[in-house]
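Using the hints, position chain B against chain A.
Chains as they are written, first to last, in our numbering: chain A, 1 to 651; chain B, 1 to 591.
The reader is advised that the hints may include incorrect statements.
To be verified - Only pairs whose alpha carbons sit at most 30 Å apart, straight line, appear in this in silico DSSO-like list of lysine-lysine:
(1) Lys111/B - Lys224/A
(2) Lys7/B - Lys100/B
(3) Lys31/A - Lys222/B
These aren't lab readings, by the way, just hints derived from the structure by calculation.
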Amino acid sequence: MSRSPMRGGKAMSGRPPKRKMEKGIMGRTIKAVFKCYPKMMTFALICLIINAVISSIPSIFMERVFSVVEKALKANGGWAEYGAEITWNMLTLIGLYVVSLILGAINNQLMAIITQGVLKKMRGRMFDGMQNLPIKYFDANSNGDIMSYYTNDIDSLRQMISQSLPQLLNSTIMVLTLFFIMLWYSLWLTLIVLGGVFFVLLVTKIVGGGAGKYFVGQQRAMGKTEGFIEEMMNGQKVVKVFCHEEAAKADFDKVNEHLYDQSNRANRYANMLMPILGNIGHVLYVIIALIGGAFIIGSVSNTSIGTAAGSVSIVFNIALVVAFLQMTRQFCNNINQVSNQVNSVVMGVAGAKRVFDLIDQQPEADDGYVTLVNAREVDGVITECEERTDVWAWKHPHGDGTVTYTKLCGDVVLDEVDFEYEQGKPVLQDVSIYAKPGQKVAFVGATGAGKTTITNLINRFYDIADGKIRYDGININKIKKADLRRSLGIVLQDTNLFTGTVMDNIRYGKLDATDEDCIAAAKLAGADDFIRRLPDGYNTMLTSNGANLSQGQRQLVSIARAAVADPPVMILDEATSSIDTRTEAIVSRGMDALMHGRTVFVIAHRLSTVKNSDVIIVLDHGRIIERGSHEKLIEQKGQYYKLYTGAFELE
Amino acid sequence: MIKVLAKSVREYKAASILSPFFVALEVVMECLIPFIISKLVNSIDVAAGATVKMSEIWMYGGILIAMAFASLLFGALAGAFCAKASAGFAKNLRKDLYYKVQDFSFENIDKFSTPSLVTRMTTDVTNVQFAYMMLIRMAVRSPLMMVFSLVMTFVMGGSLGWIFVAVIPPLALLLFLIAKKAMPLFHRVFKKYDNLNESIQENIRGMRVVKSFVREDYEKQKFDRAATDVQMDFTKAERILAWNHPIMQFFFYGVLSTVLFLGSYFILRSNGATSVGEVSQLIVYGMQILMSLMMLSFVFVMLIMSVESARRICEILAEESTITSPENAVTEVENGDIDFNDVSFKYSAAAERYALEDVDLHIKSGETIGIIGGTGSSKTTLVNLISRLYDATDGAVCVGGRDVKDYDLTALRNSVAVVLQKNELFSGTIKENLRWGDANATDEELVEACKLAQADEFIQGFPNGYDTFIEQGGTNVSGGQKQRLCIARALLKKPKVLILDDSTSAVDTQTDALIRKAFREYIPQTTKIIIAQRTSSVEDADRIVIMDNGKINAIGTHKQLLGTNSIYTEVYTTQNKKSNDDMISGGGDNE
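Extracted from the complex, chain A is given alone in its bound form (with noise of 0.2 Å):
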């Protein structure tokens, strides 16, 4: 069931042009559903079949009733000569009903049992496979679209499995069944039947895709609408303070109309191929009747696969052509099911190929093998040992088959890295920094510059073009990916908090810390003080990112996050920059406890942030232009003391 089913159209619009795709994506839905409940899906597929073609044949004990009920007519016999036979054919085709009635059943719960666990199964393919993605992956596709995987091509694969493939199939099997049903008791009218078929599928394909055409344009304008809106509700405020709210008015009712034209045309079309499949049907049967009675007033011989065995009679009488008529609506019925449910296939398929393009995006490769291990430190010698020493090491394998290990402290050298996110646009240029244990490096320059591509290299959410990365001596590819960023904790400017309390949020530096550890933490990073006046405090929920929160406390309780990782090198790209000055005073203090005796990079906008560093780096275009400390850089009088004084510009 779907909660907005005028989605569907969304993906009408991703329709892949190739026929053959699209079978190849079928076909490799249908292989999940099967591996998924491999018994219970051929069973609920044996069920459907049957079911079907049970489903087919009451036309056939009408016609023998009904043929027994003429020949006591014309027999002039009563109920009491020929009831038995039709009581006989009633207790069959109730029997058939028996067996119909439970398989449909069992099928039917099957279905939802099916269904919903295959849902669950892709949905938990594509969050697996997405969090093995590289970040890359998500620079490149916008949160909304990543977002559309879960909720609009879920939504079109779960119609397809659960409606539109088994009634497709079920209204094929009932189709051919009567097909062949027809074939039995005439070659003519069947043919005739045929003739319409084809009128129908012609129609469908006229007014079906007239309304697909415009559920596409339906869509898009949606879209554009969406977009609208939303751009005007974030500026809301500024509307109001710049009284444009009648120009506002003015601009939306345009965008509005096209929808309504869009949307008025597409259900239009939608609308109205269901009387007509439905009415072509009522002519071929009068059409059929027409035909028919004629041949029985002609005593027109019949011929077809029944006559051939000699069950069926071979001229055209009444209680064959009334059957007849009965299969033909039956038919018709099936047929117009069929042309419905294969617009809704197409959307289903092209939904699927969205959720399988998800599914068999590249993971990120990670080709390292040193890992992190911890540690015991005697006499100089590096032992690993299974409990937590508080001292860590690398586990540096050799292919001689010999093991080294090396203290994790925190040294970070780049030698002369190049980078570029784009073929022939180099982001950073001959780029070589030399962090020592325990030192801060501050990164300065205009947006764009390439400081946070640095720190992107150093945790390898990116692998640099040339050059090295050396990691306490190890060159960073030759490190596990998962070991590396463990031991780095990263504090970003857009922070990102998760649903749950302030204590959960802090914890997820590091799962196992007590609460003790993450009040320590937030005691650190100068977030206590706030955490405590919320109105639950620790156990303060949050939701939608915090929404709750000022961003400068979002930031601190990141940082109280990252400082309980409690990692040897740390991350802090604008990690202040939403504190006010006068916080950022009183937080400083948290911040310095913090930084000691890490090796820290920091990014920031604000050079008050930035002076007491060891180095501070300037960047410009992907060049280190300047390094050294404050003073020495305001001695200088270059670059860093144009933005100290004032005189240039931070973009």
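Only chain B this time, still in chain A's reference frame:
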């Protein structure tokens, strides 16, 4: 709720009425068609006469085809009107919602978050549109179909019609029970489903955090738990709903067998007075009746599901703007005098703490006032009262010597220009954005304002100059450029009062000083209020107001405050640590 929503039908009333009207005609046709079909079958039926009456077949065939075309026409018209009515209704709803929000005060806007407003105008409206389509087509069609078909069964089948009458109540009851049982489950699971999607969104947004802390496996487990929970609930609800079909089938088969059996019996008993055609069409009617019931239960479920959306829409439509222009409003602001007369303010009546307490502040026209204070000291709150973005809880705020509540809102806000802390540019050219300040401004005026705001230089540097297209949210200009464009936009209003709420934080100190110099020289009559983080931005102000915890801590000039006021001195010294005469660059949060 229905009353509130119905107001949005308006010009689509005709279509909304015509749609069910044609549905009714279509249903009548559809119900008569099987009747004619039975006549047709009868004319083929030899037992009814000596031979097949070809002329009768032609006649009934002709009628049938005519009726089929009529039915097609009515059906198509119903579909077209229905599409028009529902799409139009949705359009009006969106429009009403949007217009309503335009009239909202800041307080109203704060009450509904931006994403929630967007959802209400998009997803919720779409849901209601679908429900409306159901309502004027399916919800009309199904009961009519049922009634007409029932009538026809009696017309044709006589006492056999009772079989259907007998079947409807238990079937309806069962379908109703299923819907009733499944509904709360669906409600619950949809909420969980929303939460699941929200947590996915959170995960995507926080991917860098997830990866930095190597929490991929933790996230997977967390997701699996939530997804399993959703799966369980969904399965439960879907399984209940899955009984709909077998139950329908059961009744359908039951009716079919009974009619077939009793029909044959009656034909033989009456010696052909009841015909084969009639019995076979009775079965068709039976199918129609049961299908309508099925549709009805579906419509019922869909309607209930859209109730939540309808409720959320009505919430907006029913919301009254908390700030409106008074009657006989004053339309002229005399000068830039501003007076806070013992003003106190809290954001909601329920709030424990006042955001502003006992503020008494008098500003003369043309003065430049700097405001300094820590986060949460209510600097923004204070200036928001001047252009009546919020109303003071106690005391009065006056502009040009009159209470702001006396002014026409447009007149007041055109005279009091505010550059908001969270300033926004809109997608469109720079010119278009600037003309928000004055729709009739000439190109020269635009350039002049931009020169004052020190924006002209960088705009001229763009390849397309003033016709440069600004992306949504102003993402293709830097923070400092955006701020200067916003200042220029405000200057174009030629206001009597200009308020800059932390609007130069990303602008370098030199440019910042140039902007202030331009203010002094070119708009001396305008009252300027500058909220800033760095003391350098307010040093040369006529007076500096120090805010602390919603109260005025001190007022004075830079010289008076430095050394005597502890807050000001502290802020000043942290920003000028070590080298006293150097100024600090940056401090912005929107690099």
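Which numbered hints are broken by the structure, listed smallest first? none
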